[in-house]
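Visitor: For the protein sequence lines, the chains are S and B, in the order given. In terms of my numbering, the first sequence opens at residue 1 and continues consecutively. In terms of my numbering, the second sequence opens at residue 115 and continues consecutively.
Careful: at least some of the hints might be erroneous.
[Stated by the list, open to error] The calculated label-pair distances, taken between Cβ atoms and stated as ranges, are:
no., chain 1, residue 1, chain 2, residue 2, range
1, S, K57, B, D117, 19 to 27 Å
2, B, S141, S, R81, 38 to 46 Å
3, B, D140, S, S97, 15 to 23 Å
4, S, L114, B, K182, 47 to 55 Å
5, B, T220, S, G71, 40 to 48 Å
6, S, G3, B, G129, 28 to 36 Å
7, S, S97, B, Q158, 20 to 28 Å
8, S, L114, B, L159, 30 to 38 Å
9, S, T13, B, A215, 26 to 34 Å
Don't read these hints as lab results, they were simulated from the structure. These numbers were taken from a predicted model, which means no experiment stands behind them. We put the CB at the ideal spot given by N, CA and C, even for glycine.
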Amino acid sequence: GAGVSQSPSNKVTEKGKDVELRCDPISGHTALYWYRQSLGQGLEFLIYFQGNSAPDKSGLPSDRFSAERTGGSVSTLTIQRTQQEDSAVYLCASSPSLGENIQYFGAGTRLSVL
Amino acid sequence: GEDVEQSLFLSVREGDSSVINCTYTDSSSTYLYWYKQEPGAGLQLLTYIFSNMDMKQDQRLTVLLNKKDKHLSLRIADTQTGDSAIYFCAENPDYKLSFGAGTTVTVRA
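Looking at chain S on its own, in the form it has when it is part of the complex (with noise of 0.2 Å):
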């Protein structure tokens, strides 16, 4: 696609509930990230992907958040027994390799835990 897609755009949960948050990132990018944009903590880098490999998930704030990438290209980004410290937008960044690391962001995913 022309720039990077994420989807929902926005979503609204209840507390306890699952929710998964899909980034399709820009043809032919093999690095795909995921970032977090809270008001209280900023910008927060969550996880990275190279091709289908996530080699380092310490920025995931906790075992309830998981992300899988299938195919080095769509990514899922699953957020178990949501919390209301969850609610943050989230956002997904793609480039054309680790190496060439100029990130594009898709427009996010606002999540709104109730």
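Mind docking chain B on chain S? Use the hints.
Guide: Then chain B, alone, in the frame of chain S:
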């Protein structure tokens, strides 16, 4: 505390130049970046500079890099109302970007 620091607010008159400053900590960053975020939108890559460059100009945007002082600046010439947004400075000591808190630029008539 944050590794990348920026002032939080800047108010500028329409038509004047805006200068946004940033200091970073990691001298191993290959690139340094400026992103723009408008209300309700994602991050738009405005420009970036290689760490071995001192200056980069792109239309109304001028980026200056002082590696000795780890200081990065973004100058926007002839600031317009459409330039009102939050501007983020970022470094990449490794694969991930490390962002500043963002500078909110308000353009007044």
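Visitor: The structure should be examined with respect to each hint, and the outcome stated for every one.
Guide: Here is what the structure says about each hint:
1. S:K57 with B:D117: 19 to 27 Å: holds (21 Å)
2. B:S141 with S:R81: 38 to 46 Å: holds (41 Å)
3. B:D140 with S:S97: 15 to 23 Å: Between B:D140 and S:S97, where Cβ atoms are some 20 Å apart, the hint holds.
4. S:L114 with B:K182: 47 to 55 Å: This hint holds: roughly 50 Å between Cβ atoms.
5. B:T220 with S:G71: 40 to 48 Å: holds (44 Å)
6. S:G3 with B:G129: 28 to 36 Å: holds (31 Å)
7. S:S97 with B:Q158: 20 to 28 Å: Hint holds: Cβ distance 21 Å, inside 20 to 28 Å.
8. S:L114 with B:L159: 30 to 38 Å: holds (33 Å)
9. S:T13 with B:A215: 26 to 34 Å: holds (28 Å)
Of the hints listed earlier, there is not a single one the structure fails to meet.
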